[in-house]
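Q: Each chain is listed here by its residues.
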Amino acid sequence: MSVLAVKGVTKRFGPNAVLKNVSLSLDAREIHAICGENGAGKSTLVKILTGLYSPDEGVVSIDDKPTAIQNPQHAQELGIALVAQELSLAPALSVLDNIWLGNRNVPLFHRRKSLRMKARAALDQVGLSDLSLDAPVSGLSIGRRQLVETARMLTREARVFFLDEPTATLSDVEIERIFDALRTLKAEGKTIVYITHRLGEVFEVCDSVSVLRNGELVGTRPTAEIDRGHLMEMMLGRSIGEMYPTWQSKPAGAALTIKNLHVPPVVRDFNLVAERGAVTCIAGQVGSGALTILRALAGLSAVATGEVTVLGKPMRLRSVAAARSADVQFISEDRAGEGIFLRLSAGQNLIAAKLREHTTWGVLARAKLRATAAKLAGAVGIDLTRLRSPADELSGGNQQKLAFGRSIGSAQPGVLLMNEPTRGVDVGARAEIYRLVRGFCDQGYCVVMASSDIEEVLGIADRVISMYRGHQVGSYRRGEVDMHRVLADITHPAAA
Amino acid sequence: MTEIALNNRLRGSGLRARHLVLGIRIVAAATIAGFALTTQGFLSTLSINALLTAISFVGCVAVGMTFITLTGNIMSLALGATVSATALTFLATLSFGIVPALLVALLFGVVITGLQGFLVGYFQANPILVSIAALSLLLGAAAFATGGHRIYPAGEGLAIFKGRIAGIPVQALCFFATVIAAQFILSWTRIGRQMAMVGSNSRAATAAGIETTWTITIAYMAAGACAAISGVLLAARYGSGDMELGAGYDYTAIAAVLVGGTAIAGGSGSAVRTLVGVTVIAIIEVVLLLRGFSEQLQYLITGIIVLAVIMLHVVGERR
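Going line by line, the protein sequences match chains U and W.
Position 231 (the first sequence) corresponds to 231 in the working numbering; numbering is contiguous.
Position 36 (the second sequence) corresponds to 1036 in the working numbering; numbering is contiguous.
Same shape as in the complex, but just chain U (with noise of 0.2 Å):
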């Protein structure tokens, strides 16, 4: 008997059907991982079942039976509880205050001895066992918040736990605790469903295995049926087709040099030698420090340490205006937020950086501004047209094409820093991306990357450095290496 299953799923947003019949089963005292790339439907098929979406097609049921999940609350009334991957712990509150927040079972005034004690039991089931009821939520790590909300998970009286990669944040001992009070919970007779992307994970502690592709379910299987191979191959088996541009690697010295560059807390000691002409691609996950080694680069990083020489020359670290007066141009991960201008115009943005050389005492040349932005406009491939649109009318693709554009154009070719290129761009102008990357390099840009999405590392790259927790782990030529090591890589070196 299934404690909860799903037959038949479908889930569209307008014309594009995100998960596609799928078809799932969970046992009781079952740690069930789901696996996939990023927009492979993962998130999606937890929404379904913690009813914040509701399925197109086909049929949710709890102990066999056909039902439909109303709502959040209705999802905890049945027994279904989420342990969310945003940390959604209030800050300003008591850690007794956060682990009985939202509970249904709990009055409104919760001082009651027992409720504390069961508190207490919980917090030092997960490790806990020094932090204080009372103290504020505020002054702990992110590693221990998380834990915290381990706790409440524990002290919910449901039968399915669904967490959302609940150890992107941590140390390997505080990810051992959190496996710990997984396996409790188990003996107990409970139901995980465990979302990751670390392999290693899956077969450390989960039962068995789903593995969603582009919202379509390849397979479950039992984790001692399988290996890690075989699991990448299940995530990754499509071809990967004629997105990427070939090319011959012809670098042409080195433009960036990285020595002991630290980032606290989470780089150490990282040393990197780049080269004009050539992609070098920085692999990692969330919290690996790949982007974070980017970000110190661009100036971005008020603690970084280190020595890098950019074009012969030393660039200081620490400062935005060193970084770009040494021809260090930065596209930022976060596109909304620090990349682009949404309330200014396409060619407003494209010009963003260039004001300087365009001003004579302090007022615009507007006529040769204008000609710039077109210019820039045409190196990337955006439509002369939409030059006076505002940058949030475009497509996330043309967004990325301004972030481009505005990082060109300098007298010589320099650096060119690139975190997360291609997030929220669909596939067609994924590809114009990438040709426009190996442009770059034809004209003697050295290009660096991170990136979590390695199928796209392995095809644009010339280098590929792996970073796993602020470390690098290894680093190949192209063609030296394929997905899976960079998986190995980047998911859980020790056992690779």
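No false leads were slipped in.
Here are the simulated SDA-like pairs of lysine to any residue, each with C-alpha atoms no more than 25 Å apart in a straight line: (1) Lys-368/U <-> Gln-1183/W; (2) Lys-354/U <-> Ala-1181/W; (3) Lys-7/U <-> Asp-56/U; (4) Lys-354/U <-> Thr-1189/W; (5) Lys-368/U <-> Glu-1211/W; (6) Lys-113/U <-> Glu-157/U; (7) Lys-354/U <-> Thr-1213/W; (8) Lys-7/U <-> Asp-27/U; (9) Lys-368/U <-> Ala-1181/W; (10) Lys-368/U <-> Ile-1180/W; (11) Lys-65/U <-> Glu-157/U; (12) Lys-113/U <-> Arg-145/U; (13) Lys-354/U <-> Gln-1183/W; (14) Lys-47/U <-> Gln-76/U; (15) Lys-313/U <-> Glu-1211/W; (16) Lys-47/U <-> Val-59/U; (17) Lys-354/U <-> Arg-1203/W; (18) Lys-47/U <-> Asp-64/U; (19) Lys-354/U <-> Glu-1211/W; (20) Lys-186/U <-> Arg-144/U; (21) Lys-1162/W <-> Phe-1042/W; (22) Lys-368/U <-> Thr-1189/W; (23) Lys-354/U <-> Thr-1212/W; (24) Lys-354/U <-> Trp-1214/W; (25) Lys-250/U <-> Arg-477/U; (26) Lys-368/U <-> Gln-443/U; (27) Lys-375/U <-> Thr-1189/W; (28) Lys-375/U <-> Ser-325/U; (29) Lys-118/U <-> Ser-138/U; (30) Lys-47/U <-> Arg-221/U; (31) Lys-1162/W <-> Gly-1041/W; (32) Lys-1162/W <-> Val-1099/W; (33) Lys-47/U <-> Leu-78/U; (34) Lys-250/U <-> Asp-442/U; (35) Lys-375/U <-> Ala-411/U; (36) Lys-375/U <-> Arg-435/U.
Since the hints were made in silico from the structure, they are not lab data.
Got chain U sorted already, so can you dock chain W onto it with the hints?
A: Same frame as chain U, now just chain W:
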């Protein structure tokens, strides 16, 4: 994929919302024009001149406020007090001659307001709270310096601000010059363009290498200069001054900025739009006055109009 579909849908409705807002603006403008033109005595030289003078004082403050709003710092509640304080400074230093007095007054406004800008830019202090503190400081310092007495001019030369050139009051000419200078700064200079960038997205501005602290400080300095011009004009008009002179101008100024269509969230706006905003509010007030509505009712109706405009903004910016 879902994100894209959703964006497309929202983008579609965003365009419609914007057209709706534009439509409402046109209807509103036509309605106001209709009321104005059918009001007895509105088109007389007397009332037009009264209108011009009325918009000059608060108009300068509104243009100054535009700089602050544009950089994403919403508004300053200290500009009205800055107007009064510069008027007092101007009157007190008139004994050194009109030109030195003018320069001192301008410098006073620029420094006092620029300092607030530095606090807002460098420490990322809440702009409203900084301005409330500045308001209190200005009131306290003025009470201390004047002992609570009215200030009378310490010298000659105020007459030139009361004259007319080609039939237009000098005060109005000063205001128009301020609008033109502000518009020039906003759309033709680098610092003006940077103000819009900082207002649109200050993190992106930082990442693009723009000195956000300096940009915000300059915007506040410009606002201070505008407030100082208003203070000088008021001092000249009334021939004496106290801290009540510019009281309440902050509110009318922010109303004019919003009615003109400068985005409250920053990033887009212009001095010319603010000129339109000031004029619209002044026309409404004159029409209500000429039609015999009481002063209380004028306040009430102005308040309703400002509220309506703000709601219109919310609709227009929600996508």
